[in-house]
Amino acid sequence: MLHPPLDQQPIDPAYPFRSESPLSREERKARFLGALKGILELDLYDRPLKMYLDTCARCNNCAGQCPVFQATGDVHDLPAWRSDLLRRVYRRYFTPSGRLLGRLVGAKKLTAGDIDAMVEAFYRCTMCRRCAVHCPLAVDNALITRIGRVLLAEIGFVPKNITVSVAAQLAKGGNTSSIPPAAFIDTLDFLEEELVDETGINIPIPRDVEGAEYFFAAPVSDYIMEADTLMGIARVFHAAGASWTVGTENYDAINYGLFYSDDKLEEILNRLLAEVRRLKCGTLVIGECGHATKAALLFHKVFGRSEYRDIRIESILQVTRRFLAEGKISFAASKDQGSVTYHDPCNLGRGLGLYEEPRELLAAAGIEVVEMQPNREMNLCCGGGGGLVVAPDLHDWRMSVGGLLKAEQLRATGAKTVVAPCANCKKQLRELVQHHNIDMEVAGLHDLVGRALTREEKA
Amino acid sequence: MPTIELAGKTYEVDEDGFLEDLDKWNEEFAQAYASTEDIQGTLTEEHWKLIHYLRNYFQQFGIAPMIRKVCKDNGIDMKKLYELFPTGPAKGACKLAGLSKPTGCV
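Top line first, the protein sequences correspond to chains W and G. For the first sequence, position 275 (counting from the first letter as 1) is numbered 275 according to the working numbering, and the numbering increases by one without interruption. So the working numbering is basically just the index in the second sequence, starting at one, shifted up by 1000.
The hints are simulated quantities; they were obtained by calculation from the structure and are not laboratory data. Take these hints with a grain of salt, some might be off.
To be verified - Away from chain W, derived, C-beta distances all over 12 Å, residues of chain G:
(1) Q1031
(2) G1041
(3) S1100
Claimed, not checked - In the DSSO-like style, the derived pairs of lysine-lysine whose C-alpha atoms are separated by at most 27 Å in a straight line are:
(4) K1049(G) <-> K1024(G)
(5) K1101(G) <-> K172(W)
(6) K1024(G) <-> K160(W)
(7) K172(W) <-> K109(W)
(8) K172(W) <-> K160(W)
(9) K1079(G) <-> K416(W)
(10) K1101(G) <-> K1079(G)
(11) K1049(G) <-> K1072(G)
(12) K1049(G) <-> K1101(G)
(13) K1069(G) <-> K1091(G)
(14) K280(W) <-> K301(W)
(15) K1072(G) <-> K416(W)
(16) K301(W) <-> K37(W)
(17) K1091(G) <-> K1009(G)
(18) K109(W) <-> K29(W)
(19) K1101(G) <-> K160(W)
(20) K1101(G) <-> K416(W)
(21) K1091(G) <-> K160(W)
(22) K416(W) <-> K1069(G)
(23) K1091(G) <-> K416(W)
(24) K1080(G) <-> K1069(G)
(25) K109(W) <-> K37(W)
(26) K172(W) <-> K280(W)
(27) K1080(G) <-> K1101(G)
(28) K172(W) <-> K1091(G)
(29) K328(W) <-> K280(W)
Cβ coordinates follow ideal geometry from the N, Cα and C atoms, glycine included.
Using the sequences and the hints, build the whole thing.
Laid out in structure tokens, this is it:
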């Protein structure tokens, strides 16, 4: 497949991907190149990034893997083309052959038009890494997308909805959904009442318990959207007799820094770790959220302050699975849940390899899973990854492009419920089934796991 | 700041059309906005009950309540909530009630 010229103006004006930078077009180029130079000098990125930028055979294997390209058929959505936007600039300015031979070796001088193309292209990628799994040269286009976004952020380009959420989180005591502490506590009280109604016993959601073993942080939007997930998690901790707590000074695991800024990622992560330390807890448990889990687990040792390195970090999926293995929780014979399918969130599956833990929990709870095809490392992104789900103005794109194949895949299972242990995926999937008229409920993993528990009276 | 004209009055809103100031809200605002949120015709008693409920909670806590709480306190289920506000509680209902836009994964 021929690639179109890189300075050809993309792409599809139907969708509002453009953001605005305050810098002049000339300033953008210089600052962009300066930032790229800086990134290439970092130990963290130097080798993998150069490897991915140096090696692409243009075999276009990624074409068959990318759900966005499959939906549009537009070469601008081809992962190899998108990555080439950065690759050619890298070659021109940072490799000897590119400086000398230019276009002969795929190098190209950076223009302001190239930057415009990147602003759109790097946000039409949901960073799902399905192409990376299938690349014969193991190029991770999602890392290139991420670095592309970091560079664009350096020159002022970030979608408004992401920056609004991050700004709210970084305001004192803030969080991405701007839930004030009084509302948070009122919600915890409400959930405790609901737990009594549902189980007939008192299942506390402990707050600010110093020295608790587990510090639990959900994606904060769960406190608006996902009562069943939170109640299921409380039931698991309670049934296992675990000592756990939430913190009332920081209760948000979301970290949108993962999508566009290492500085923000670092700041948000360390604020959360500071709260874990304030309460002297040993383990930070991240709730059902793909990107938040990945941001904390993978970047803890990179960006976490040295005094926080001794804090353990786990996904709630790992914790609950371990409770089961240790015999701390068990399940009753399942009531009929109807047919259930399981969606592998990209950041939990391809990102962290958490494929079997949720399936083993569902199986133990007596819930038979109708697998969607493909699944596990080849599962399709929900279509709202990479931070796009928080943008209401991209709703139409997420429905008719990003999530188009996902909708067909969901429908083909014929399942009554799709389980997705990720706040981001759940929001997108609910919108998808509504938009595409698919008769399916969307639930978190612990919604079902919590209801199947026995021995809750133990603790 | 963007503005929107509804029923002959001008309101300051954010870029997604959410009212900037909770106190500038009035019932004409909600009614005039209904059609853009896929609600046909005149707002019913059930709509108004929810709108006032959301506004009261927001005045007290500075945020909309958990969706489960909205349903429970008003004796409705999620399905009914979406029937009343087809674009969803976070978008449609909050917008009509004059609340600021919920951010994050909501």
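Verification of the supplied hints:
1. Q1031: 22 Å, holds
2. G1041: Answer for G1041(G): holds, closest chain W Cβ roughly 22 Å.
3. S1100: Non-interface label fails for S1100(G): nearest chain W Cβ at 8 Å, not farther than 12 Å.
4. K1049(G) <-> K1024(G): 19 Å, holds
5. K1101(G) <-> K172(W): It holds: about 19 Å lies between the C-alpha atoms, which stays within 27 Å.
6. K1024(G) <-> K160(W): 25 Å, holds
7. K172(W) <-> K109(W): 43 Å, violated
8. K172(W) <-> K160(W): 20 Å, holds
9. K1079(G) <-> K416(W): Holds. K1079(G) to K416(W) sits at ~16 Å (cutoff 27 Å).
10. K1101(G) <-> K1079(G): 22 Å, holds
11. K1049(G) <-> K1072(G): 13 Å, holds
12. K1049(G) <-> K1101(G): This hinted pair holds, its Cα atoms lying about 20 Å apart.
13. K1069(G) <-> K1091(G): 17 Å, holds
14. K280(W) <-> K301(W): Judged against 27 Å, a Cα distance of about 19 Å means the pair holds.
15. K1072(G) <-> K416(W): 24 Å, holds
16. K301(W) <-> K37(W): Roughly 24 Å between the alpha carbons, so the hint for K301(W) and K37(W) holds.
17. K1091(G) <-> K1009(G): Distance of about 22 Å is within 27 Å: holds.
18. K109(W) <-> K29(W): Holds, at about 10 Å.
19. K1101(G) <-> K160(W): 13 Å, holds
20. K1101(G) <-> K416(W): 31 Å, violated
21. K1091(G) <-> K160(W): 17 Å, holds
22. K416(W) <-> K1069(G): Holds: K416(W) and K1069(G) sit about 25 Å apart, inside 27 Å.
23. K1091(G) <-> K416(W): Measuring from Cα to Cα gives roughly 26 Å; hence the hint holds.
24. K1080(G) <-> K1069(G): Holds. K1080(G) to K1069(G) sits at ~14 Å (cutoff 27 Å).
25. K109(W) <-> K37(W): Judged against 27 Å, a Cα distance of about 15 Å means the pair holds.
26. K172(W) <-> K280(W): Answer holds: K172(W) to K280(W) is near 21 Å, not above 27 Å.
27. K1080(G) <-> K1101(G): 22 Å, holds
28. K172(W) <-> K1091(G): Holds, at about 26 Å.
29. K328(W) <-> K280(W): Holds, at roughly 24 Å.
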